[in-house]
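Asks: Protein chains in written order, with my numbering: chain C, 7 to 260; chain Z, 25 to 394; chain L, 363 to 665.
Be careful, since some hints might not be right.
[To be verified] Here are the simulated DMTMM-like pairs of lysine to aspartate or glutamate, each with C-alpha atoms no more than 25 Å apart in a straight line: (1) L/664 to C/195; (2) L/387 to Z/201; (3) C/84 to Z/40; (4) L/390 to Z/263; (5) Z/296 to L/386; (6) C/13 to C/25; (7) Z/200 to L/533; (8) Z/389 to L/383; (9) L/387 to Z/36; (10) Z/289 to L/386; (11) C/86 to Z/36; (12) C/26 to L/472; (13) L/375 to Z/274; (14) Z/30 to C/80; (15) Z/296 to Z/270; (16) Z/389 to L/610; (17) Z/200 to L/383.
[Said to hold, decoys possible] Beta-carbon label-pair distances, calculated as ranges: (18) L/509 to Z/151: 26 to 36 Å; (19) L/478 to C/80: 34 to 44 Å; (20) Z/272 to L/563: 35 to 45 Å; (21) L/609 to Z/45: 25 to 35 Å; (22) C/81 to L/469: 22 to 32 Å; (23) C/47 to Z/296: 35 to 45 Å; (24) Z/274 to L/658: 54 to 64 Å; (25) Z/292 to C/33: 52 to 62 Å; (26) L/469 to Z/151: 26 to 36 Å; (27) Z/41 to C/249: 53 to 63 Å; (28) L/662 to C/66: 30 to 40 Å.
In short, the hints are calculated from the structure, not lab data. Cβ coordinates follow ideal geometry from the N, Cα and C atoms, glycine included.
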Amino acid sequence: MVESTAKLKIEDLKISYGDKQVVHGISFEIPRNEIFGVIGPAQSGKTSMLKVINRTIDFTANAHVSGNVKIDGEDVFKVKDVYGYRRRIGMVAPLPVGLPLTIYDNVAFAPRSFGLTDKDQLDALVQRCLEQAALWDEVKDRLGSLGTKLSGGQQQRLTIARALSHQPEVLCLDEFSIAIDPVTTMKIEDVLKELSSEMTIILVTNLVQQARRLAKNTMFLLNGELIEEGATDHIFSGKASNPKTNEFVSGAFG
Amino acid sequence: MLHRSKGKALREALIEWLIRICGISAVIFVFAIFFFVFWEGKGLIFNNKVNINTASIEAITKVEGIDESLASKIVSTRSEIKLEKRLTTEWLLKEDLLDEDTFVLIEPFIKAKEFSFWKFLTTQEWYPASESNPRYGVFALIAGTFSVTLLSMLISVPFGLGSALFISEFCSPKLKETLKIIIELLAAIPSVVWGFIGLTIMNQLIMSIFGAQIGINVLNGAIILALMSVPIIVSIGEDALQAVPDSYREAAIGLGVTRWQMVYKVLIPAAKNGLLAAVLLGIGRAIGETMAVLMATGHAVNNPFDGDFPFLHALESVKTLTATIAAELGETARGSDHYQVLFIVGILLFSITFLVNLTADLVVKGIKNK
Amino acid sequence: MSENEINSKRFTKTSLVLKKEFNEKLAKGIFFSMTLAMIVPLLLIVSFLIYKAWPSLSFSFIFDMPKNGMKEGGIWPAFLGTLYLVIISLIIAAPVGVMAAIYLNEYAKDNWLTRTINLAVINLAGVPSIVHALFGLGAFVLFAGMGTSVIAASLTLAVMTLPVIIASTKEALSAVPMTFRQASWNMGVSRWQTIQRIVLPNSISGILTGIILQVSRAAGETAPIMFTGAVVFVPIAGDEVLAYGLMDKCMALAMHLYTISTQIPNVPESLQFAIAVALLGVVLLVNALSIGLRVYLRTHRKW
């Protein structure tokens, strides 16, 4: 991997909550404009890693982080405008979260908070994000109804639309399909394939086959340690260098 | 394209600072309460000397062995000094009103009149308004507070916990809603209205049922206080019972025991800390209650306890710590001994309720840590 | 024994089961009567109060001035005074209390300061009302030089209602799911903006419910205002709504009930009861409003 193509570069990242260390010094690079899969069983530090990447770990009491996280060569922990920085990272949580606002306001929420008030621009942005998230056709006639009243699958796509609304460079998805049906999952997977041409996507997933279907490169985390990282085809070939990887992808544990 | 403006960021920082300051307001007020109540009463504790007033000067002149010329000199000097100055042996020496011999004579007299915190707590004589010999012993007032609180808890704890159990475990959801609303309304009745009920309705009832001469007494205050504390005990006790996970209930019922067995073998042991906290907060409220007790217990400095059965004379009138302050503060001059001693009573009350609430809090925390 | 007999035996109640059932019914019965023993006297007392007050109760009772040394007439100055004290104390306590709750629920980390604040809130709530009166006298009336006045009494009431407003607001805030905040933070929306646009709009009604509840508590308090602002009698012009100034002494409904029933001889009984009923009515009405709002909210949630 050539240095200049890496979007994110992470070196010796350690995360602990109080006395409990959850990530034990991992280093890896995430290439630009492709889907990067992260697999691993529960409690392996995947979500904590994402929280570091968009710096919402700042809100977690007694969290301690060390190591380097660089986005386009810039140290994430030294950015001055942390809110502006977070806008560069889109984040989709495991469980769909429709904010208790109208569908329109859900998507317009972030742009408005940054000072975009022009009605036409907002309309266009909302439509584009909902289209990108494959939700526009289902909701275009009821943009004024509550986002929280949508179905789970629709709310998850609304969450993605919201994450796109601030035009992120990196889109992080944290086990996005955990609470939605397979049909919607497939719809969203198609969306991600489309999006991967214009932004870097970090796909943390509980379904190893999902990583296999979508990701170009994949990383396997176990108990806060980086076990293996490389081309997805290699990881899933059954001939990965670490036997644990082979066991995990073949479903022996996890 | 879109950037947060500087002004907006500054405004946010200001708001967040304001929020932080308000955040510690509760701490500030607790300290302020302690400080100001203490401040107004401190004179008596630190400068615990006898006030110079006509009565105490005259009493000095009557101490045996003091000759008349010295006595008249003390009286005439006294009129030139401000009232708030205290009668101390040091002062008498400085003003040349005392020689070594009379010093020996006067010292025990002054010592006897000095305010001592120990005497304050342990003696029963509360004669704060006496001109010639004011005495400030709050033991009878503490006994008054204690008697009313004790009797009210004997009534309200079983009823409160029983109702909490009924509402939490034995009734239908609809009835539960209704009962909770009624209890909330019960808790909202102002204490002065309770006092009025005690003064009028309960007074008549007690006189006709027990044949007592005065219906405003320990029993009256205790019944009123019980009715006032029950809502607290019920709502906090109910919270404690609700906090027991449903899995406990299901496990017990699954073993084939009846609801009642489940309640007393599983639920009560599991919720005992919360129930204890409910009782403690009820006690805290009963000790601190002012208006209802002021109006319902009669005004007699009186220790209703004695060694003979039934130990507590519930049909006697008493005076409580809170009622004493409420009834007497209006009639005292600022800075007088009586005024200051009422603030010391306030500090005493503050400390007692502080301890009770702290214990309740620790008991509740005990559950959470488990 | 035939199979039928065995089966029928298996499903009949044994004496042990019957005893258990009896115990269960007994326990339920006892707890039910305990609950009744608490509620029935209350209803009787309230009806008795109203019955006794009936001769004096009328619409004009509230808006009339007291007459003949307060032995006749209405309660207008007291009613107005209570209105003043409650409104001013809430104007002071509500913003401070709500912001303190925002701090505790949204900003505070789990450290010694937060634990101290929580402890202070609990203890402030437990301070006896008469100690608040001493504090108000020492701090506002004397130290701050406000004298016995509407503002000194309102401040005292505000300090007293503060911990309860903090507690109820905190509860309303924590009812807003954490995921809403996280979703907002993830989009780069600042902490305060998140509070302003997501947390507060979704908890404002719960916060209001708590504040309204404090209206009823403040209206009923007597001890804290006794030495700080409320007095036995203040003559005001009957048609004047802005009758009291901030530095004036005022009358108050709760104080009025105390004075009329203990300090002034030969007041007709029905007048005393009417004042009690008026105070009770005001307090319960405000309380019912708060309960109604809460029930309405529970059925109209946005999530």
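Asks: Decide, hint by hint, whether the structure agrees.
Replies: Taking the hints in turn, this is what the structure says about them:
For the given pair, residue 664 of chain L sits about 30 Å from residue 195 of chain C by alpha-carbon distance, which is inconsistent with the 25 Å threshold. Using a Cα cut-off of 25 Å, the hinted pair residue 387 of chain L and residue 201 of chain Z holds, with the two alpha carbons roughly 22 Å apart. For the proposed pair residue 84 of chain C and residue 40 of chain Z, the alpha carbon gap of about 22 Å is at most 25 Å, so the pair holds. Only pairs whose Cα atoms come within 25 Å are accepted, and residue 390 of chain L paired with residue 263 of chain Z is accepted, the gap being roughly 19 Å.
For the proposed pair residue 296 of chain Z and residue 386 of chain L, the alpha carbon gap of about 21 Å is at most 25 Å, so the pair holds. Restraint check: the Cα-Cα separation between residue 13 of chain C and residue 25 of chain C comes to about 31 Å, which exceeds 25 Å; the hinted pair is violated. A hinted pair counts as satisfied when its Cα atoms are at most 25 Å apart, and residue 200 of chain Z with residue 533 of chain L qualifies at roughly 21 Å. For the hint pairing residue 389 of chain Z with residue 383 of chain L, the CA-to-CA distance comes to about 37 Å; that exceeds 25 Å, so the pair is violated.
In summary, the hint linking residue 387 of chain L to residue 36 of chain Z is not supported, as the alpha carbons are separated by about 60 Å, beyond the 25 Å threshold. Distance check on the hinted pair: residue 289 of chain Z and residue 386 of chain L sit about 13 Å apart at the alpha-carbon level, within 25 Å; holds. Pair hint residue 86 of chain C plus residue 36 of chain Z holds up; C-alpha atoms about 16 Å apart against a cutoff of 25 Å. Between residue 26 of chain C and residue 472 of chain L, the direct Cα distance comes to roughly 16 Å. Compliance with the 25 Å bound is thereby established for this hinted pair.
Straight-line distance between C-alpha atoms of residue 375 of chain L and residue 274 of chain Z comes to about 22 Å, which keeps the hinted pair within the 25 Å bound. With a CA separation close to 23 Å, the supplied pair residue 30 of chain Z and residue 80 of chain C stays within the 25 Å bound. This hinted pair checks out: residue 296 of chain Z and residue 270 of chain Z have alpha carbons roughly 16 Å apart, not beyond 25 Å. Annotation: proposed proximity of residue 389 of chain Z to residue 610 of chain L is violated, straight-line Cα distance about 45 Å (limit 25 Å).
A threshold of 25 Å between alpha carbons decides the hint, and for residue 200 of chain Z with residue 383 of chain L the separation of about 23 Å falls inside it, so the pair holds. Take residue 509 of chain L and residue 151 of chain Z: their Cβ atoms lie about 31 Å apart, and the range 26 to 36 Å holds. Range check, residue 478 of chain L to residue 80 of chain C: Cβ separation about 40 Å, and the 34 to 44 Å hint holds. Between residue 272 of chain Z and residue 563 of chain L the C-beta distance comes to about 38 Å, which sits within the given range of 35 to 45 Å.
At about 27 Å, the beta-carbon gap between residue 609 of chain L and residue 45 of chain Z stays in the expected band of 25 to 35 Å. A hinted range of 22 to 32 Å holds for the C-beta pair residue 81 of chain C and residue 469 of chain L, which are about 26 Å apart. Remark: the range hint 35 to 45 Å for residue 47 of chain C to residue 296 of chain Z is upheld by a beta-carbon distance near 40 Å. Here the CB-CB span from residue 274 of chain Z to residue 658 of chain L is close to 32 Å, at odds with the stated 54 to 64 Å.
For residue 292 of chain Z and residue 33 of chain C, the hinted distance range of 52 to 62 Å is satisfied, since their beta carbons lie about 56 Å from each other. Distance hint check: the CB atoms of residue 469 of chain L and residue 151 of chain Z are about 53 Å apart, inconsistent with the given range 26 to 36 Å. Checked against the given bound of 53 to 63 Å, the beta carbons of residue 41 of chain Z and residue 249 of chain C, roughly 56 Å apart, stay inside it. One distance hint, 30 to 40 Å for the beta-carbon pair residue 662 of chain L and residue 66 of chain C, holds here, with the actual separation near 33 Å.
In summary, the numbered hints that this structure violates are 1, 6, 8, 9, 16, 24 and 26.
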